[in-house]
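Generate the whole structure from the sequences, applying the supplied hints.
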Amino acid sequence: GENVEQHPSTLSVQEGDSAVIKCTYSDSASNYFPWYKQELGKGPQLIIDIRSNVGEKKDQRIAVTLNKTAKHFSLHITETQPEDSAVYFCAASKSSGSRLTFGEGTQLTVNP
Amino acid sequence: DSGVTQTPKHLITATGQRVTLRCSPRSGDLSVYWYQQSLDQGLQFLIQYYNGEERAKGNILERFSAQQFPDLHSELNLSSLELGDSALYFCASSVVSDSGELFFGEGSRLTVL
Numbered sequence: 001g002e003n004v005e006q007h008p009s010t011l012s013v014q015e016g017d018s019a020v021i022k023c024t025y026s027d028s029a030s031n032y033f034p035w036y037k038q039e040l041g042k043g044p045q046l047i048i049d050i051r052s053n054v055g056e057k058k059d060q061r062i063a064v065t066l067n068k069t070a071k072h073f074s075l076h077i078t079e080t081q082p083e084d085s086a087v088y089f090c091a092a093s094k095s096s097g098s099r100l101t102f103g104e105g106t107q108l109t110v111n112p
Numbered sequence: 001d002s003g004v005t006q007t008p009k010h011l012i013t014a015t016g017q018r019v020t021l022r023c024s025p026r027s028g029d030l031s032v033y034w035y036q037q038s039l040d041q042g043l044q045f046l047i048q049y050y051n052g053e054e055r056a057k058g059n060i061l062e063r064f065s066a067q068q069f070p071d072l073h074s075e076l077n078l079s080s081l082e083l084g085d086s087a088l089y090f091c092a093s094s095v096v097s098d099s100g101e102l103f104f105g106e107g108s109r110l111t112v113l
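Top line first, the protein sequences correspond to chains A and B. In terms of our numbering, the first sequence is numbered consecutively and its last residue is 112. In terms of our numbering, the second sequence is numbered consecutively and its last residue is 113.
No wet-lab data here; the hints were simulated from the structure. For every residue, glycine included, the Cβ atom is placed at its ideal position computed from N, Cα and C. Don't take each hint at face value.
[Stated by the list, open to error] Derived pair list, reagent style DSS-like, types lysine-lysine, alpha-carbon separation capped at 30 angstroms: (1) B:Lys-9 - A:Lys-37; (2) A:Lys-57 - A:Lys-37; (3) A:Lys-71 - B:Lys-57; (4) A:Lys-42 - B:Lys-57; (5) B:Lys-57 - A:Lys-37; (6) A:Lys-57 - A:Lys-68; (7) A:Lys-22 - A:Lys-37; (8) A:Lys-94 - A:Lys-42; (9) B:Lys-57 - A:Lys-68; (10) A:Lys-58 - A:Lys-22; (11) A:Lys-42 - B:Lys-9; (12) A:Lys-22 - A:Lys-42; (13) A:Lys-94 - A:Lys-68; (14) A:Lys-94 - B:Lys-57; (15) A:Lys-22 - A:Lys-57; (16) A:Lys-22 - A:Lys-94; (17) B:Lys-57 - A:Lys-22; (18) A:Lys-22 - A:Lys-68; (19) A:Lys-68 - A:Lys-58; (20) A:Lys-37 - A:Lys-71; (21) A:Lys-71 - A:Lys-22; (22) B:Lys-57 - B:Lys-9.
[As the list claims (entries may be wrong)] Incomplete in silico selection of chain A near chain B, CB under 7 angstroms: (23) Glu-39; (24) Lys-42; (25) Gly-43; (26) Pro-44; (27) Ile-48; (28) Arg-99; (29) Phe-102; (30) Gly-105.
This is the structure in structure tokens:
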């Protein structure tokens, strides 16, 4: 089955700096790559996703890039703010009813 | 608020006991997923139901079982509980069974003493 690896497990940045989280996946048939943010005491929430026919997608301060050849994708957060502090999960899945396989998560801390 | 409701939010029980966790999906969502999140670990997929039928199975122990009812709510039954079963159990729902956004509930925190 699919295996998703995520790095780093913890990331600490100063407010205003950029943060990058990287993931690799094993199944070349995977074609959907979402990122979820989990705040303390809450369930994960989708923040951005990308499909395999697109190399990059942006939404304000958040961007995701995908390299299908290398089987890796990354989350980029620019101009970080303290409210960006949370656990971020990458995930991958195939279409046709396959469920999401999540990475282990990255604890992002943005220091004021 | 994701629209997914999980009960109970917290549950403390003893080893060997049995518990039932309940999930009400978002209105109109046919798919329900159960995930386990242990301390310092990611989200481990347990099982998926689509419109009442089991669609996919992950690393779910034989001591665990689930079902989705005609009104689309789902229950996860955990029996012969062990200390290692202590975790956050999340339910998520989506519109269709294909890949797409999952809407997660706030989880049920199970503590086995």
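**Study point:** Hint validity - Glu-39 of chain A Cβ closer than 7 angstroms to any chain B Cβ
**Key:** 10 angstroms, violated
**Study point:** Interface hint for Phe-102 of chain A, Cβ within 7 angstroms of any Cβ on chain B
**Key:** Hint on Phe-102 of chain A: holds, closest Cβ of chain B at ~4 angstroms, below 7 angstroms.
Check your understanding: Hey, Lys-94 of chain A versus Lys-42 of chain A, does the alpha-carbon distance stay inside 30 angstroms?
Key -> Roughly 26 angstroms separates the two Cα atoms, so the pair holds.
Check your understanding: Is Lys-68 of chain A within 30 angstroms of Lys-58 of chain A, Cα to Cα?
Key -> It holds: about 18 angstroms lies between the C-alpha atoms, which stays within 30 angstroms.
Point to revise | Pair hint outcome, Lys-22 of chain A versus Lys-94 of chain A [Cα-Cα no greater than 30 angstroms] | key: 19 angstroms, holds
Check your understanding: Hey, Lys-57 of chain A versus Lys-37 of chain A, does the alpha-carbon distance stay inside 30 angstroms?
Key -> 17 angstroms, holds
Check your understanding: Straight-line Cα separation of Lys-57 of chain B and Lys-22 of chain A no greater than 30 angstroms?
Key -> Answer holds: Lys-57 of chain B to Lys-22 of chain A is near 27 angstroms, not above 30 angstroms.
Practice item. Quickly compare the C-alpha distance for Lys-22 of chain A and Lys-57 of chain A to 30 angstroms and report which way the hint goes. Key: This hinted pair holds, its Cα atoms lying about 15 angstroms apart.
Review point. Between Lys-22 of chain A and Lys-42 of chain A, is the straight-line Cα distance small enough, at 30 angstroms or below?
Key: 23 angstroms, holds
Point to revise | Restraint check for Lys-57 of chain B with Lys-9 of chain B, where alpha carbons must lie at most 30 angstroms apart | key: 24 angstroms, holds
Practice item. Verify the proposed pairing of Lys-42 of chain A with Lys-57 of chain B, using a straight-line Cα cut of 30 angstroms. Key: Within the cut-off at roughly 24 angstroms; holds.
Exercise for review: Assess, step by step, whether the Cα of Lys-57 of chain B is no farther than 30 angstroms from the Cα of Lys-37 of chain A, and give holds or violated.
Suggested key: Distance ~24 angstroms between Lys-57 of chain B and Lys-37 of chain A Cα, so the pair holds.
Consistency with the previously given hints fails for numbers 23 and 27, ordered from lowest to highest.
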